[in-house]
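*Asks:* The chain contents come next:
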Amino acid sequence: MFYETVIEGGKHWSLTVRAGTQLRIIDRDGGANVGMLLYNPQNLLERYNAPDTLKCQHTFKLTKGHCLYSDMGRIFCSITDDTVGWHDTVCGNANRELVASRWGERSYQEYRNEWTQNGHDAFLVEGGKYGLGRRDLAANVNWFSKVSVADDGTMLFDLENSRAGQFVDLRFEMSTLVLLHTCPHPLSTSLTYPRNPVALQLSKVPPAADDDFCRNSRPENVRGFTNTELYRLCGGGGE
Amino acid sequence: MRKESELLPGEALSRRVIPAGDYWIDTVKMGQTLRIVDVEGNQAADTLFFNAADVAEGYSAVDTIREQCNVYLSCGSKLLSTAGNLMAEIVADTVGRHDTLGGACASESNTVRYALDKRTMHACRDSYVLAVAQHDRLGLGKRDLSHNINFFMNVPVTTGGGLTFADGLSGPGQYVEMRAAMDVIVLISNCPQLNNPCNAYNPTPLEVLIWDADVR
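From first to last, the protein sequence lines stand for chains X and A. The opening residue of the first sequence carries number 1 in the working numbering; numbering runs sequentially from there. The opening residue of the second sequence carries number 240 in the working numbering; numbering runs sequentially from there.
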């Protein structure tokens with residue numbers, strides 16, 4: 001591990017990682033939510049695409065073995081380990097109005113760093129640092145949050161999905177701009193504004209081997225890895 | 240929920256057939272009603288909306304399904320924007336369920352889903368990119384091409400977290416109708432997909448009709 005930090009609940013951050021970087025996200029106290037969007041720093045028009053990610057892998061949830069796809073048929077990162085089992089990518093973010101109506105609004109003026117930041121504004125702030133704006137937001141991942149679907153389509157948030165110490169490992173397969181926030185999930189049923197910290201651990205890991213679990217978890221991912229490796233062989237997305 | 244419309248095609252302001260593999264882009268004004276007809280059945284109408292007065296505000300699949308707390312669209316669904324505003328409401332629907340999770344097909348995602356040598360086959364996102372390039376006066380670009388609605392597509396989610404592509408619930412002449420709650424630019428790609436059994440490998444035409452507000 002070459003770096004470790006803690007992001008308190010209700011905050012945001014961004015970082016650019018190279019291929020071969022592992023990001024471990026640890027739910028420190030349980031009940032965390034981490035909103036995440038991914039972009040190709042060499043071409044910001046290439047971005048995480050939740051619909052492609054879901055339909056390519058015939059899944060609604062994200063967990064170990066899944067890959068996060070860009071809209072260009074490439075893999076930003078693979079989920080190489082996951083002790084949680086279900087992460088959401090279809091619910092988006094809470095915005096200011098939603099936070100205010102559910103938990104009440106705490107202004108910065110009055111509460112300073114204990115204000116009630118929302119995920120939508122958090123992404124606008126972090127994205128704006130790279131020239132990204134309203135038009136560039138997409139369906140994000142909500143790590144540690146589970147929303148299941150009944151037969152009639154009704155969505156159900158699980159407040160007990162993630163416990164203290166549970167983690168997810170992301171292995172990046174190409175250079176990636178990561179925007180993240182720790183603001184509440186928009187369907188959270190918490191009685192008070194949830195303010196749960198996560199630990200982030202960055203390390204170097206070897207590239208995916210031929211018998212890699214994520215590469216071989218579906219035939220689609222074999223082809224996704226081929227696309228990504230071709231891009232890197234041609235000089236894109238690499239070191 | 241299924242509900243038939245009382246609007247008469249003979250009173251429509253405009254009627255237009257969209258052949259498979261083609262796109263349609265036009266403005267639907269506040270209060271007007273847009274009907275999309277699945278002319279021969281099991282065709283996918285990949286549809287996006289933009290606020291005509293501020294194109295940076297577009298249809299948001301995630302806000303739409305979350306606020307109605309249901310992943311499927313049908314009569315009564317309020318189609319929301321990235322700013323949480325009402326763009327249009329589905330007011331008639333003879334099918335009963337439409338998808339907004341699966342996104343549009345792309346030549347790039349086709350390489351992953353089917354085979355690497357599918358990369359040159361026509362796809363919805365190529366139609367979208369061409370549409371905004373040929374209408375660049377609107378100020379739209381690739382970055383605005385976010386997650387769309389797939390009218391007439393049936394993509395059931397299982398309780399265990401799976402995603403399946405089932406046979407369509409639609410059929411010849413089935414339609415969905417929505418009333419615009421603001422002036423919206425509507426962009427439809429009539430899906431050219433030749434690799435997916437959901438349209439029996441046979442993409443077919445769609446028809447769009449628009450009625451003025453005072454007809455209803």
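Misleading hints may appear alongside valid ones.
Chain X residues, not near chain A, derived (Cβ > 10 angstroms throughout) [said to hold, decoys possible]:
#1 D29
#2 D71
#3 M72
#4 D82
#5 C91
#6 G92
#7 V125
#8 G128
#9 G133
#10 T192
#11 G238
Some chain X residues judged to face chain A by a derived CB distance under 8 angstroms, without partners named [unchecked claim]:
#12 Q109
#13 D136
#14 A199
If you are wondering where the hints come from, they were derived from the structure by calculation, not from laboratory data. Remember, it's a predicted structure, so these values are computed and weren't measured experimentally. The C-beta atom is built at its ideal place from N, Cα and C for all residues, glycine as well.
*Asks:* Now tell me if each hint is right for this structure.
*Replies:* Comparing the hints with the structure gives:
no.	hint	result
1	D29	holds (25 angstroms)
2	D71	violated (7 angstroms)
3	M72	violated (5 angstroms)
4	D82	holds (13 angstroms)
5	C91	violated (5 angstroms)
6	G92	violated (3 angstroms)
7	V125	holds (16 angstroms)
8	G128	holds (13 angstroms)
9	G133	violated (7 angstroms)
10	T192	holds (21 angstroms)
11	G238	holds (19 angstroms)
12	Q109	violated (24 angstroms)
13	D136	holds (5 angstroms)
14	A199	violated (26 angstroms)
Checked against the numbered hints given earlier, this structure breaks hints 2, 3, 5, 6, 9, 12, 14; the rest are met.
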